[in-house]
Amino acid sequence: MAMAAFRREGRRLAPLISPRPITAVRSSPLPPTHEDEGPIGVRYISTQVVRNRMKSVKNIQKITKAMKMVAASKLRAIQSRAENSRGLWQPFTALLGDNPSIDVKKSVIVTISSDKGLCGGINSTSVKISKALHKLNSGPEKENKYVVLGEKAKAQLVRDSKKDIELIITELQKNPLSYSQVSVVADDILKNVEFDALRIVFNKFHSVVSFLPTVSTILSPEVVEREAEAGGKLGDLDSYEIEGGETKSEILQNLAEFQFSCVMFNAVLENACSEQGARMSAMDSSSRNAGDMLDRLTLTYNRTRQASITTELIEIISGASALEG
Amino acid sequence: MASNAAVPFWRAAGMTYITYSNICANLVRNCLKEPYKTEALSREKVHFAISKWTDGKPEKPSKSFFLPL
Chain A
1 MAMAAFRREG
11 RRLAPLISPR
21 PITAVRSSPL
31 PPTHEDEGPI
41 GVRYISTQVV
51 RNRMKSVKNI
61 QKITKAMKMV
71 AASKLRAIQS
81 RAENSRGLWQ
91 PFTALLGDNP
101 SIDVKKSVIV
111 TISSDKGLCG
121 GINSTSVKIS
131 KALHKLNSGP
141 EKENKYVVLG
151 EKAKAQLVRD
161 SKKDIELIIT
171 ELQKNPLSYS
181 QVSVVADDIL
191 KNVEFDALRI
201 VFNKFHSVVS
211 FLPTVSTILS
221 PEVVEREAEA
231 GGKLGDLDSY
241 EIEGGETKSE
251 ILQNLAEFQF
261 SCVMFNAVLE
271 NACSEQGARM
281 SAMDSSSRNA
291 GDMLDRLTLT
301 YNRTRQASIT
311 TELIEIISGA
321 SALEG
Chain B
1 MASNAAVPFW
11 RAAGMTYITY
21 SNICANLVRN
31 CLKEPYKTEA
41 LSREKVHFAI
51 SKWTDGKPEK
61 PSKSFFLPL
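Protein sequence lines, in the order shown, are assigned to chains A and B. The first sequence maps to residues 1 to 325 in the UniProt record's numbering. The second sequence maps to residues 1 to 69 in the UniProt record's numbering.
One or more of the hints may lead you astray.
Unchecked claim - Straight line, CA to CA, 30 Å or less: simulated BS3-like cross-link-like pairs of lysine-lysine: (1) A/Lys204 with A/Lys162; (2) B/Lys60 with A/Lys163; (3) B/Lys60 with A/Lys145; (4) A/Lys191 with B/Lys60; (5) B/Lys52 with A/Lys68; (6) A/Lys142 with B/Lys52; (7) A/Lys116 with A/Lys174; (8) B/Lys37 with A/Lys128; (9) A/Lys74 with B/Lys37; (10) A/Lys145 with B/Lys57; (11) A/Lys145 with B/Lys52.
Derived from the structure by calculation, the hints contain no laboratory data. None of the values given here were measured: they were computed from a predicted structure.
With the sequences and hints as input, model every part of the structure.
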């Protein structure tokens, strides 16, 4: 039934359209039917297909616009929290410094990604940086392990770095992110992996359109002590006075643990913020693309329709004038 | 200063500083008065799934956490 309708439409339009290829309808599911009707080489095009396509593109555009709105409102909520959480790690960096180039035996790379997709390239960026770090730090007698946060990095790392995965944590963003949640995650990571240095890879939120892939390094208390004795950046640590009855190593251990949970908290928030920003711009560009496509389709559709009307008019008029004459 | 003497005890119990500080924070949260108390406690929900991997395979089925700390 539908096929018959297609053919009827098609026959009407065929002589006009066939010389011009119309890209928008090339993927039409109609099989060529030139065995029983029309000469070979005539392409049957129905406006119905274009109409359906236009409808679906319009629907997709509506969906992407809605997703953009959602991402924008989520971004606003999370952006202020991410910016406030920066104050948490800054004192630690002032005290212990950030040592991305430190050379240790056991490094653990904590890759932070999102659970959901459709947010541009932020997840592949953090996976790429993690792999680069892995390569950079590999060598004889060296151990590199991954701790993966989020479904997306998991999917990418399971493919080729299966052997090095130590821990996978997902579904972190079911509830709004809070410090207690992230600190429990950090606690679990500390209990489950052995490390000399933890390298946290995340996308630092810069603006809605730019996210800087960032590495934060956290050293284990032993390494901090070793480095402090060797001098260098951490050499100043000895000039601090320690109050109370604890020894320096105890303090350093507490400090390293707390530093890890704070840096993790900030990293998770920054990454969530970047995710929403990236999703916003991705959805923005996809609604724009859908709009462009819709314009092209509308143009094709109208032109075809106009052409068929013109033919019909010509047919009628020429028929009438033939009768008169 | 009670915390000075406490450190070796919670360390011996297998706690990290993070767990210790979380317990302390929860204690403080519980000291709030009523309308704020439930609000503060409901904010601090913990939920995630964790799975340990060894040699390219998940060691045990992942477990979810629901800790109303």
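Verification of the hints:
| no. | hint | in the structure |
| --- | --- | --- |
| 1 | A/Lys204 with A/Lys162 | holds, 26 Å |
| 2 | B/Lys60 with A/Lys163 | holds, 16 Å |
| 3 | B/Lys60 with A/Lys145 | holds, 18 Å |
| 4 | A/Lys191 with B/Lys60 | holds, 16 Å |
| 5 | B/Lys52 with A/Lys68 | violated, 35 Å |
| 6 | A/Lys142 with B/Lys52 | holds, 21 Å |
| 7 | A/Lys116 with A/Lys174 | holds, 11 Å |
| 8 | B/Lys37 with A/Lys128 | violated, 44 Å |
| 9 | A/Lys74 with B/Lys37 | holds, 26 Å |
| 10 | A/Lys145 with B/Lys57 | holds, 14 Å |
| 11 | A/Lys145 with B/Lys52 | holds, 12 Å |
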